[in-house]
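Chains as they are written, first to last, in the working numbering: chain A, 1 to 249; chain B, 1 to 334; chain C, 1 to 286.
Take these hints with a grain of salt, some might be off.
[Said to hold, decoys possible] The calculated lysine to aspartate or glutamate pairs, modelled on DMTMM-like cross-linking and capped at a C-alpha distance of 20 Å, are:
1) A:LYS77 with A:GLU187
2) B:LYS5 with A:ASP133
3) B:LYS188 with A:GLU207
4) B:LYS188 with A:GLU187
5) A:LYS80 with A:GLU207
6) A:LYS77 with B:GLU138
7) A:LYS66 with A:GLU100
8) B:LYS188 with A:GLU111
9) B:LYS188 with A:GLU156
10) B:LYS188 with A:ASP69
11) B:LYS188 with A:GLU28
12) A:LYS220 with A:GLU156
13) A:LYS77 with B:ASP199
14) A:LYS80 with A:ASP59
15) A:LYS80 with B:GLU139
16) A:LYS80 with A:GLU60
17) A:LYS220 with A:GLU187
18) A:LYS182 with A:GLU216
19) A:LYS117 with A:GLU56
20) A:LYS80 with B:GLU116
21) A:LYS189 with A:GLU173
22) B:LYS188 with A:GLU26
23) B:LYS188 with A:ASP130
24) A:LYS11 with A:GLU32
25) A:LYS182 with A:GLU26
26) A:LYS117 with A:ASP138
No lab work stands behind these hints, which were simulated from the structure alone.
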Amino acid sequence: MSSEQILKTSKLTKSFGNLIAVNQVELEIHQEEIVGLIGPNGAGKTTFFNLITGLEIPDEGQVIFKGIDITSMPPHKICKLGMSRTFQVTRSFAGMSVEEAIRVGAYNRREEREVQKKVDWVIKFFELEDIRDYKCSDLGLASLRKVEVARATATEPDLLLLDEVGAGLTTTELLRLMSELKRLNEETKITLCVVEHVMQMVMGLCERIFVLDAGELIAKGLPSEISNNQRVIEAYLGRRSYIESSSTD
Amino acid sequence: MNRKKNRNIENFLLLFLLIMALLVPLILGANQYNILLVTTVLLYGVMATSWNIIGGLAGQLDLASFAYLGLGAFTSGTLFIRFNFTPWIGMILGGLVAAGFALLIGIPLFRFQIREVWYALTTCALVEILKVVFNMWEEVGGPVERYLPYFRGSLYHMRFSSYVPYYYIMLGILLIALLVNSRIARSKLGYYLKALGEDETAAEVLGVNTRACKLRALVYYSFLIGVTGAVYANMYGYVHPSFFNGQESIKIAILGIVGGRGITYGPLLAALLLVGTQEFLRASLGGEVSGLYLVIYSIILILVVLFRPSGIATLFQSGYQKLATGEVKKKSVI
Amino acid sequence: MEIIIQSLFNGILMGCIYALIALGLSIIFGVMNVVNFAHGNFVMLSMYFSFWVSSLWGIDVVLTPLITFPLLFIIGMLIYYGMIDRTLREHYTIQIAVTVGLMTFLGAITQLAWQARPRAISYSFIQGNIQFGGYTIALSRLISAIISLIIIISISFFLSKTWPGRSIRATSDDSDAASLMGVDFRRTYALAFGLGSSLTAIAGGLLMTFQQVDPTMGLRFGLLSWCILALAGLGSIPGLLISGLIIGVGESLTMSFWDPRARSLVIYLIFILVLWLRPRGIFGRK
Numbered sequence: 001m002s003s004e005q006i007l008k009t010s011k012l013t014k015s016f017g018n019l020i021a022v023n024q025v026e027l028e029i030h031q032e033e034i035v036g037l038i039g040p041n042g043a044g045k046t047t048f049f050n051l052i053t054g055l056e057i058p059d060e061g062q063v064i065f066k067g068i069d070i071t072s073m074p075p076h077k078i079c080k081l082g083m084s085r086t087f088q089v090t091r092s093f094a095g096m097s098v099e100e101a102i103r104v105g106a107y108n109r110r111e112e113r114e115v116q117k118k119v120d121w122v123i124k125f126f127e128l129e130d131i132r133d134y135k136c137s138d139l140g141l142a143s144l145r146k147v148e149v150a151r152a153t154a155t156e157p158d159l160l161l162l163d164e165v166g167a168g169l170t171t172t173e174l175l176r177l178m179s180e181l182k183r184l185n186e187e188t189k190i191t192l193c194v195v196e197h198v199m200q201m202v203m204g205l206c207e208r209i210f211v212l213d214a215g216e217l218i219a220k221g222l223p224s225e226i227s228n229n230q231r232v233i234e235a236y237l238g239r240r241s242y243i244e245s246s247s248t249d
Numbered sequence: 001m002n003r004k005k006n007r008n009i010e011n012f013l014l015l016f017l018l019i020m021a022l023l024v025p026l027i028l029g030a031n032q033y034n035i036l037l038v039t040t041v042l043l044y045g046v047m048a049t050s051w052n053i054i055g056g057l058a059g060q061l062d063l064a065s066f067a068y069l070g071l072g073a074f075t076s077g078t079l080f081i082r083f084n085f086t087p088w089i090g091m092i093l094g095g096l097v098a099a100g101f102a103l104l105i106g107i108p109l110f111r112f113q114i115r116e117v118w119y120a121l122t123t124c125a126l127v128e129i130l131k132v133v134f135n136m137w138e139e140v141g142g143p144v145e146r147y148l149p150y151f152r153g154s155l156y157h158m159r160f161s162s163y164v165p166y167y168y169i170m171l172g173i174l175l176i177a178l179l180v181n182s183r184i185a186r187s188k189l190g191y192y193l194k195a196l197g198e199d200e201t202a203a204e205v206l207g208v209n210t211r212a213c214k215l216r217a218l219v220y221y222s223f224l225i226g227v228t229g230a231v232y233a234n235m236y237g238y239v240h241p242s243f244f245n246g247q248e249s250i251k252i253a254i255l256g257i258v259g260g261r262g263i264t265y266g267p268l269l270a271a272l273l274l275v276g277t278q279e280f281l282r283a284s285l286g287g288e289v290s291g292l293y294l295v296i297y298s299i300i301l302i303l304v305v306l307f308r309p310s311g312i313a314t315l316f317q318s319g320y321q322k323l324a325t326g327e328v329k330k331k332s333v334i
Numbered sequence: 001m002e003i004i005i006q007s008l009f010n011g012i013l014m015g016c017i018y019a020l021i022a023l024g025l026s027i028i029f030g031v032m033n034v035v036n037f038a039h040g041n042f043v044m045l046s047m048y049f050s051f052w053v054s055s056l057w058g059i060d061v062v063l064t065p066l067i068t069f070p071l072l073f074i075i076g077m078l079i080y081y082g083m084i085d086r087t088l089r090e091h092y093t094i095q096i097a098v099t100v101g102l103m104t105f106l107g108a109i110t111q112l113a114w115q116a117r118p119r120a121i122s123y124s125f126i127q128g129n130i131q132f133g134g135y136t137i138a139l140s141r142l143i144s145a146i147i148s149l150i151i152i153i154s155i156s157f158f159l160s161k162t163w164p165g166r167s168i169r170a171t172s173d174d175s176d177a178a179s180l181m182g183v184d185f186r187r188t189y190a191l192a193f194g195l196g197s198s199l200t201a202i203a204g205g206l207l208m209t210f211q212q213v214d215p216t217m218g219l220r221f222g223l224l225s226w227c228i229l230a231l232a233g234l235g236s237i238p239g240l241l242i243s244g245l246i247i248g249v250g251e252s253l254t255m256s257f258w259d260p261r262a263r264s265l266v267i268y269l270i271f272i273l274v275l276w277l278r279p280r281g282i283f284g285r286k
């Protein structure tokens, strides 16, 4: 487990009109970690993701990725550097097949000759062999989520951001996804940052957790610390029993 | 083994079609009107197939195809008229001018993120702008047709006494357009274009430089049409600002949409069917009741769009699939 | 100097009518996000209808909208149910393709019925000129502009004060929420399409009092309306009116001072500039 910083944000701020979506957020992620980013709805998690992946430009602050300032870099360049993500509302390539969608990602690093190998590897890893020729528009939610993760993985990122991949999945599907992500991290050493509402996933997967509330970073630390943190509990008001029950997993 | 069988059937079919296409002028004989008719159908086929690169693969509703046609025509035509310049090189220059103009427009257009319907309307306005500009530009354009020098049969000047050579030239360009389309579709650019056509944002975070890709598609498309424009000028023997035709540009896009967006031979199919029908109707009905053929044509168009929005080509695809593999692929997964 | 003022007058008067046409388009596009490529041809069709009704029954052409307005309203609703409704779920290019088909159809029908040569009326009781501070204004243009303004203001009231009007606005803001409030959004769409189309009937009738019509005019009116829409943005009727005036004046000044052939050129250039620099439009909300 390396302790080198792969991502660091300092004083990251973004407002939309009168609403301060992200407020002076400072956090750092280390290589090969699996970290979680949680917080109540509207806390600014997706905006935060948008800021670090180049989909939005911050009003203030910096994003340093692998030692390079990527604050105002366009998304495709950031991907080339080694960061990729999935989306909260799945943005699938509806008219393309699973294989084609993954191929798009694979072209990020691979030339024509090697791209098929990479595609096959990703399909094998995520066990998508059965549906590789299916159109993305014909897939169910769990498969769609997997394809999105597979697609992003195909870009061979060093840091992979996952925006609520667990939402709407059944417990079985969730557990499968979790084990795949763990395997991904162990075998390929990709750093993962997971935004989640499903506490089971967060507590079971993440080594460290950051908590956002109303745009501010209110806590960070180990899962056990977070689940006992008073401010966090208050932020979730009413989810208290949820956190307590899942921390006993 | 299924794929190999598919490939063989495909190749056979293509070869067959190619031979038929080569024989058409011979079948039609000396009837110049008919030769012009099929050449016109081919012309629309070329334009629609080229359009597919920007409209089908890249998903941008470009309505400026005749802008590039006109630019190619005027470039090659003017060089021919003024300097006796051979259109064979003139057409390459025409393509370059068209592509250059496309870049000029495309760079700011894509930079300002003009999308969807506004992109369509902008390109529509573009053709009209060029029409007015060339109308007012007395030196090169002007309201009167500028005729190309007449030669009875000069290969150097690409001027012939019959339409038949033009048919073959157009066929050649069509084959090139189809080839370009097919190569792009299978390449990295093709995948990137399809991706950004589906969801630009998702494509961006996967490493697709959407702006650069769109520009590349634009350049390929406009170049091909510019080249075609030179041939167009030679075929009709003159250049005139009316070449910058907004209505026909929209028609090209319709062919691309109706044929099946993104499918390589789709637009060609649509051109063959729709333009062929239109010309056929015009020939049989045009004289009697002016405009009736257009009424029937537009009704057919509306019906096709309403009842087969996925495109004419998909009709053939499922039919062809049935033939080749004995089953139609359409599965659903939960 | 005189030319400028004269030109301005003409531009403003014309601009009112353009704004009316654009209003029709704005209702359709704003409510259901449908790009009606046939809108310009609706104007042309209305002009032909007015010409036809006027010559057939001897009614003065300025009164023809009384007949053509409901006629086009019904036609609009039928077109919505017959064509547009089915394409709502499809890719936007399919919608556009259908309206293009419609545009072609309308152009073809008018050519069939009235042939390609331009048509104009020979007499209207509002023809003639009036003098106004030393400037000559065609009475027909003046009255047309005034009627257009009245209609625009009426529509504005209709949209904000009546139930159907408000349901149209609600549906354009959020069709899901609107349907939860008991608004049948498909019927609202049909109404909007009918209303948007029928406004062209009024404009068409008015235009016929001082212009001629031919089958190729459609595209120009269509593009003009889009230019006005782009300039104005969505959501503001006064903004639409002002944009209409700007476009009308721009066109008029171009014709007087540069070249009559360039009249659309300037408009299109404005259009492109606005899209680049202020995509929301000057007065737009979204």
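Each hint tested on the structure:
For the given pair, A:LYS77 sits about 25 Å from A:GLU187 by alpha-carbon distance, which is inconsistent with the 20 Å threshold. Note on B:LYS5 and A:ASP133: the hinted pairing holds, with a Cα-Cα distance of about 18 Å set against a maximum of 20 Å. The suggested pairing of B:LYS188 with A:GLU207 is violated, with an alpha-carbon distance near 37 Å, which exceeds 20 Å. This hinted pair does not check out: B:LYS188 and A:GLU187 have alpha carbons roughly 28 Å apart, beyond 20 Å.
This hinted pair does not check out: A:LYS80 and A:GLU207 have alpha carbons roughly 27 Å apart, beyond 20 Å. Of the pairs offered as hints, the one joining A:LYS77 and B:GLU138 is violated, with about 47 Å between alpha carbons and a cut-off of 20 Å exceeded. At roughly 30 Å between alpha-carbon atoms, A:LYS66 and A:GLU100 are farther apart than 20 Å, so this suggested pair is violated. Restraint check for B:LYS188 and A:GLU111: satisfied, since their Cα atoms lie roughly 8 Å apart, inside the 20 Å limit.
For the hint pairing B:LYS188 with A:GLU156, the CA-to-CA distance comes to about 16 Å; that is within 20 Å, so the pair holds. Between B:LYS188 and A:ASP69 the CA atoms are separated by roughly 28 Å; this puts the pair beyond 20 Å, and the hint is violated. Of the supplied pair hints, the one linking B:LYS188 and A:GLU28 is violated, its CA atoms being roughly 35 Å apart against a limit of 20 Å. Our distance criterion of 20 Å between C-alpha atoms is broken by A:LYS220 and A:GLU156, whose separation comes to about 28 Å.
Pair hint A:LYS77 plus B:ASP199 holds up; C-alpha atoms about 17 Å apart against a cutoff of 20 Å. Of the supplied pair hints, the one linking A:LYS80 and A:ASP59 is violated, its CA atoms being roughly 24 Å apart against a limit of 20 Å. A distance of roughly 50 Å separates the Cα atoms of A:LYS80 and B:GLU139; the hinted pair therefore is violated under the 20 Å criterion. Taken as a hint, the A:LYS80 and A:GLU60 pair is broken in the structure, with Cα atoms around 24 Å apart against an allowance of 20 Å.
Pair hint A:LYS220 plus A:GLU187 does not hold up; C-alpha atoms about 26 Å apart against a cutoff of 20 Å. Between the alpha carbons of A:LYS182 and A:GLU216 the distance comes to roughly 28 Å, so the proposed pair goes past 20 Å and is violated. With a C-alpha separation of about 34 Å, the suggested pairing of A:LYS117 with A:GLU56 is violated against the 20 Å cut-off. The suggested pairing of A:LYS80 with B:GLU116 is violated, with an alpha-carbon distance near 27 Å, which exceeds 20 Å.
Taking the CA atoms of A:LYS189 and A:GLU173, the gap is near 23 Å; set against the 20 Å cutoff, the hint is violated. Annotation: proposed proximity of B:LYS188 to A:GLU26 is violated, straight-line Cα distance about 38 Å (limit 20 Å). Only pairs whose Cα atoms come within 20 Å are accepted, and B:LYS188 paired with A:ASP130 is rejected, the gap being roughly 24 Å. A distance of roughly 24 Å separates the Cα atoms of A:LYS11 and A:GLU32; the hinted pair therefore is violated under the 20 Å criterion.
Simply put, A:LYS182 and A:GLU26 have alpha-carbon atoms about 26 Å apart, too far for the 20 Å limit, and the pair is violated. At roughly 25 Å between alpha-carbon atoms, A:LYS117 and A:ASP138 are farther apart than 20 Å, so this suggested pair is violated.
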